[in-house]
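Undergrad: What follows is each chain in one-letter form.
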Amino acid sequence: MTTLDMSFPQAPFHYPPPIETELNRLTELFARTPALADAYPPRWLAIQALEGDEALIQDIRTLGGPTVAAALEESLERLRAAYGDDLDVVLVDQRYRFVHAIAMQAVRRPSTPPMTLSDRIDRVVTNRWLGIPIFLAVMWVVFKLTTDVASPFVDWLDSVVSGPVSRWALALLALFGANGGWIESLMVDGVVAGVGGVLAFVPVLLMLYFALALLEDSGYMARAAFVMDRLMRALGLHGKSFLPMIVGFGCSVPAIYATRTLDNRRDRILTGLLVPFMSCSARLPVYVLIAMVFFPAHAGQVIFGLYLTGIVVAVGMGALLRHTLFRHQPQAPFVLELPPYRMPTLRGVWRQMWERTSSFIRKAGTIILATSIVVWLLLAIPVGEGEFADAPVDQSAFAAVANAATPVFAPLGFGQWEASGALVTGLIAKEVVVGTLAQVYDGAEEEGAPGDELATFVDDLSGIAGGFVTAVGDAVHALPGIVGINLIEAEEEPVAEGLAAAIRTGFMASSGGHGSLAALAFLVFVLLYTPCVAALAANRHEFGTAWMLVSLLGQFAIAWLAAFIVFQGGMMMGR
Amino acid sequence: MLYQVLEAIEQANGPVSLDELSQRLQVEPGALEGMIAFWVRKGRLKDTAIAGCGGSGRGCTCSAYPNGCVFSVTGPRVITLEPPDP
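Quick note, the sequences are listed as chains X and V, same order.
Just so you know, the first sequence maps onto residues 1 to 575 in my numbering.
Just so you know, the second sequence maps onto residues 1001 to 1086 in my numbering.
Please keep in mind that the hints were generated in silico from the structure rather than gathered at the bench.
For each residue, glycine too, the CB sits at the ideal point set by N, CA and C.
Not the full set, but computed from the structure, chain X residues with beta-carbon under 7 Å of chain V:
#, residue
1, 92
2, 103
3, 338
Far from chain V, by Cβ distances over 12 Å, these chain X residues were calculated:
#, residue
4, 40
5, 43
6, 61
7, 63
8, 130
9, 183
10, 187
11, 309
12, 312
13, 322
14, 347
15, 424
16, 471
17, 498
All chains, please: the whole structure from these sequences, using the hints.
TA: Right, here's the structure in full:
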């Protein structure tokens, strides 16, 4: 075997003379101390000791004994007298200067570095004028995906839950002889209507998480933060505030904790107050349900408008607070690294979609299930006429409690106990709004569900499979609609049925015939009021009880005011 | 050179990218990474992607994810100045 004898030119490297003197002194001393010389290269050990490596200094004291330890201390004292506490900085800096000097001589680089593909894309995507329109266009596509493409699957899942699943639950109860009583009501009106009604929106969330995963893994999300940073600075806000806000699109709780990336407490508090205005994914099922009932042909636009409203309110409130309560806050500069664009991998995208969606499903099995049972219990307890689990829903304890809140919402167009009750339970978690609406209106609809009683198990299975194939077909046909090409025949506005009809009737009644306007006000309220108790807990944990209360009451006031403007303003404009 | 990195970040008007910073300081990107890592160890810079809510305490629905919340967006890498020790 031959070895290649390579020799490299040696570049002399020296620390400043006072440091070299002490280094030589210590190196000699360590070399003469066998316990140290056997364990470490002496000069390296001397450098590490002068740089303040605590573990090695301890080793020197232990292995070298008191004489060596005293010599080291004396060297450090002399150098500290010359360099202060920055001795390690001087040592490291010297090495970087040396490397830099060699690199400058040895490496030839073009005066202007060649443009990479990422650079070329960034010239457009982060352009001062094009950046924000592109960001809005991307958001538009995301919300068209979550509505137009996911909605056939929502309809399919909804029909599965309200049909076969409900029938199977009833059949199972009959098997154990528990049908016909309050247990049946709990299972069908409580668990299936509440939890199933929420789970029907899993396709919407899968689609949202799919789009977010693509944006994150491709590197675009970092650009979005960069672009919004510029806008926020222009408004006098801390640019870094937008980073937690982007997290807020997923969930407000980690977004509140993400404010820890900000440097001072007042910036953190300010951002913590703004983050809940960003529309979290838990609100999406509510938007989709209401938008599909009242604005089926424009659901995507409505949802996009809501997300945009959330950003505008957050930025607007931020600018207002920055110039009032949070004045005189200097903006700390920062480095924001834009990673190169990458092609997202199927595995990575799927992992994110699954992790986030399974978190939602877990929530359905815990918080949403528990809330559904409590709501069912309150609906089952009669206040006026009727018996337990057999009373008209408008005579229930839930209706009585919700009715107390109704006057607050009357000027907003949704002063009905069903909507008020859903908003109150929505404080637990936003998805619960959908579950509660499904429960209260399901109870109001009464008989009829769960559909064709004569269907066999095989009929159900074939119906589920057939429905899925139809949903896939509809979703594929809806894809070109994202860019404005409509392959589906223009349909008449679908006749609302079941839950949708009940919601429509309720909103029409509470708004004096202006159901769509009331629904829009309801959506704006859902967008802007407190996301959930977990977000409140996070707020309290990070900023204290007082700021949590400011957040709770402030958001309620803003949500009420915005919904009031939408409803009353719309009425004045004659809508 | 090390202090120049801190000064450049301090004087930046708005976010700067690492590439931009390395061109501005005429420093190799690899060397700049090393210098940033040094200041992070010294506590003068904080180098972080957006923090998740792992370990963030009670009330966090993401507490089931000790390594960070699934909802934490893979945000950009952010490097900020920390106030010097008093």
